[in-house]
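Student: With the hints as constraints, model all of the structure from the sequences given.
Chains as they are written, first to last, in numbering that gives the first Met the number 0: chain G, 0 to 191; chain F, 0 to 222; chain W, 0 to 224.
Worth double-checking, as some hints may not be accurate.
[Stated by the list, open to error] If you want a taste of the chain W side facing chain F, the calculated C-beta under 8 Å gives, among others:
1. Leu158
2. Glu162
3. Leu168
4. Gly179
5. Leu202
6. Ile220
[As the list claims (entries may be wrong)] Below 16 Å or equal to it, Euclidean Cα-Cα: the simulated EDC-like pairs (lysine to aspartate or glutamate) are:
7. F:Lys101 with F:Asp37
8. F:Lys101 with F:Asp111
9. W:Lys21 with G:Glu168
10. W:Lys50 with W:Asp189
11. W:Lys21 with G:Asp64
12. W:Lys50 with W:Glu162
[As the list claims (entries may be wrong)] Computed footprint of chain W on chain F; a stretch qualifies when at least three of its residues, placed anywhere within it, have a C-beta under 8 Å from a C-beta of chain W:
13. 63-75
14. 125-136
What the hints contain is simulated information worked out from the structure, not anything from laboratory work.
Where a beta carbon is used, it is the ideal one built from N, C-alpha and C, also for glycine.
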Amino acid sequence: MAAGSSVVLTGANGSGKTTLLRIVSTLLRPSSGTGAICGLPLDGAADRIRGRVGYISSRGTLYDDLTASENLRFAARLTGASTPDGRIEDLLASAGLSRAQNQRVRTFSTGMRRRLSLTALLLRPLELVLMDEPYAGLDTEGMAMVDHMVREFLNAGTTVIIASHQDGEATRQATDAYRIEGGQLMPVGAGI
Amino acid sequence: MDRRSPLVAWLGIAALTLMLIGSIVGLFIVQADAEMGDVQRLMYVHVPAAWTAFLAFFLVFIGSVLYLVQRDQRFDRFAAACAEVGIVFIALTLATGMIWGKPTWGVWWTWDARLTSTALLLAVFVGYLAIRGFTDDPDSRARWSAVVGILGFIQVPIVYLSVVWWRTLHQPPSSPRSVSSEILWTWMLNFVAFLLMFAYLVAQRSRLARVEAELEALEAYDV
Amino acid sequence: MSMTGRVAAIVWKDLLIEVRTKASFHSMLFFAALVLFVFSFAIGPDVPLLKRIAAGLLWIAIIFTGILSLSRTYQAEEAAGGLEGLRMAPGDPRAIYLGKLFGNIALLLAMEMILFPASAVLFQLEIARHALPLAGIAILGTVGFSVVGTFYAALTLNLRAREILLPLLLIPALIPPLLGAVNSTQLILDGNPLGEVVVWVRLMVAYDVTFFVVCTWIFPIAVEE
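Tutor: See the structure below:
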């Protein structure tokens, strides 16, 4: 896949979209076969692959009892992203979460959580971002926010793979489209 | 398809035969112990059963390691079969130990080192089988139980040592030097008998597990 | 992005969450005290008897409370999508184990700092003059508990019946540090010559080192999918 391109992945429930994304992200170990992500072999360089890859599921990995900025700060420290003064605040501002930055995530709506999870991916430069059902549970405004984030990633030269049932601007404008059916990955015509 | 291996059948026959011989020798042919009388004959079951149980646990460990290295389900099935059969022998060891203890010490249970360690070993076996029972996905099940099997095996010597330091009421561990060759040979005879029976049961259980796995795989696609 | 950095981040996060949910530390502490109370009630007001078994009661309370604490620290992870977020961190996943381990040790030690004096009061023990050796034993025992407990808690995180599986797996494994801790504590309280304690200390050290190495080494497989 070319850098800065995007791919949308479709398929029926249970067809294996999540499985594929989780394998690419190194979260799931394939029972057979091997591959390379960002030029690094899955079999052996998984630790380093995660240095270049971001993954977001519709569930998110936020800690309810921490505030928005604490969650971001933790994500930064966990991934070794540098956070010079004000960076966290700036990121939260551009995500429209300034007012909520010191509120515990427990009080957040789905849209706000998704925004925060996506913002965490902006903490450091990534080569590849994997999104599993990013539109799930969002209203039009939320979906527009996801599209905006995808555009930002693409502009930064990051490749994005989106697995999604729902259509949005990002999936419609994807560079490539694939469908998983019967355990096989098949290309679809550009866009849906 | 599945062909019942004639080797396994012969194994079963050999095991039964040898156990029969061992029982006759242990019950009738060998002389009763001068001090403890006929109760001592229980040791002809207790000691070989204990050896077999520990061997079973060691095999669970080996199977677990091999699975994690090779990721071949056959090793997982082998380890699981050894655990299931091993638990039978552990229970046998405990039971005969307790039955022997009643007339000897007057009580069903004393907190002596070997009996207690055996009970703890049973607990580890149970934990291994429990984690298998609560996991549906075959890959996760194999992986997690392999980890438990390895950790459990490493625990055993440490647990044993600590319990020994804690209590030493049990007879000193029997070594070939302190028993007559007659007794030793009977132990060895029964040990071999138990080993054959163990091998037979593990072979059968593994085969059953393989069939179960095939069935699971078929059901998974039956959506 | 070093291992130390990630471990420190995880410890910081866990302690921060702990501080946030203030109620839980206090509840844990109260639970431990309740365990001591219940055992004392069950055994009866025979003070000399209670003094003889005080070390055992104390460490049982610590273990039961410790198991609850383990479940709780992983509950927060579960609510945050399982260990997914932690596992997506670059680098060696063992950082997760070490981070959780140090957090658990810190939490348990904090609880013991209150529990030891509490049992001294309940069972009329004189811990003040043995404070240093007792602290050493507390650390050794807590490390032993946490090393294996953190590991099994991570292993059983995704299992259906983990509330029963965790104690089922953990308790047999804890017999050596339990025996070590209880006997050392009792010996120290009885003012025994330190010679006898050394045997138990050696056992605990051997256990702690062995399982720290083994659990750290094998951890990636425990959380792999």
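Student: Can you verify the interface hint for Leu202 (chain W): is its Cβ closer than 8 Å to any Cβ in chain F?
Tutor: At 6 Å from the nearest chain F Cβ, Leu202 (chain W) passes the 8 Å test, so the hint holds.
Student: Would you settle whether the hint for Glu162 (chain W) is holds or violated, based on the nearest Cβ-Cβ distance to chain F being less than 8 Å?
Tutor: This interface hint is violated because 11 Å lies over the 8 Å limit.
Student: Regarding the pair Lys21 (chain W) and Asp64 (chain G), is the alpha-carbon distance no greater than 16 Å?
Tutor: Within the cut-off at roughly 11 Å; holds.
Student: Does Lys21 (chain W) pair with Glu168 (chain G) here, judged by a C-alpha cut-off of 16 Å?
Tutor: With Cα atoms ~44 Å apart, Lys21 (chain W) and Glu168 (chain G) exceed 16 Å; violated.
Student: Does the closest beta carbon of chain F sit nearer than 8 Å to the beta carbon of Gly179 (chain W)?
Tutor: holds, 7 Å
Student: Within 16 Å, alpha carbon to alpha carbon, are Lys50 (chain W) and Glu162 (chain W)?
Tutor: Judged against 16 Å, a Cα distance of about 32 Å means the pair is violated.
Student: Closer than 8 Å Cβ to Cβ for three or more residues is the test here. Does the region 125-136 of chain F pass it with chain W?
Tutor: holds (count 6)
Student: Can you confirm whether the C-alpha distance between Lys101 (chain F) and Asp111 (chain F) stays at or below 16 Å?
Tutor: Roughly 13 Å separates the two Cα atoms, so the pair holds.
Student: So, as I understand it, the hint says Leu158 (chain W) touches chain F; can you test that by seeing if any CB pair is closer than 8 Å?
Tutor: Constraint on Leu158 (chain W) satisfied, holds at 5 Å.
Student: Could you grab the alpha-carbon distance between Lys50 (chain W) and Asp189 (chain W) and see if it respects the 16 Å cut-off?
Tutor: This hinted pair holds, its Cα atoms lying about 10 Å apart.
Student: Given Ile220 (chain W) as an interface hint, is its Cβ closer than 8 Å to any Cβ of chain F?
Tutor: Holds, because the Cβ-Cβ distance from Ile220 (chain W) to chain F comes to roughly 6 Å (cut-off 8 Å).
Student: Against chain F, is Leu168 (chain W) within 8 Å by beta-carbon distance?
Tutor: Holds, about 4 Å.
In this structure, the hints that do not hold are numbers 2, 9, 12, 13, in rising order.
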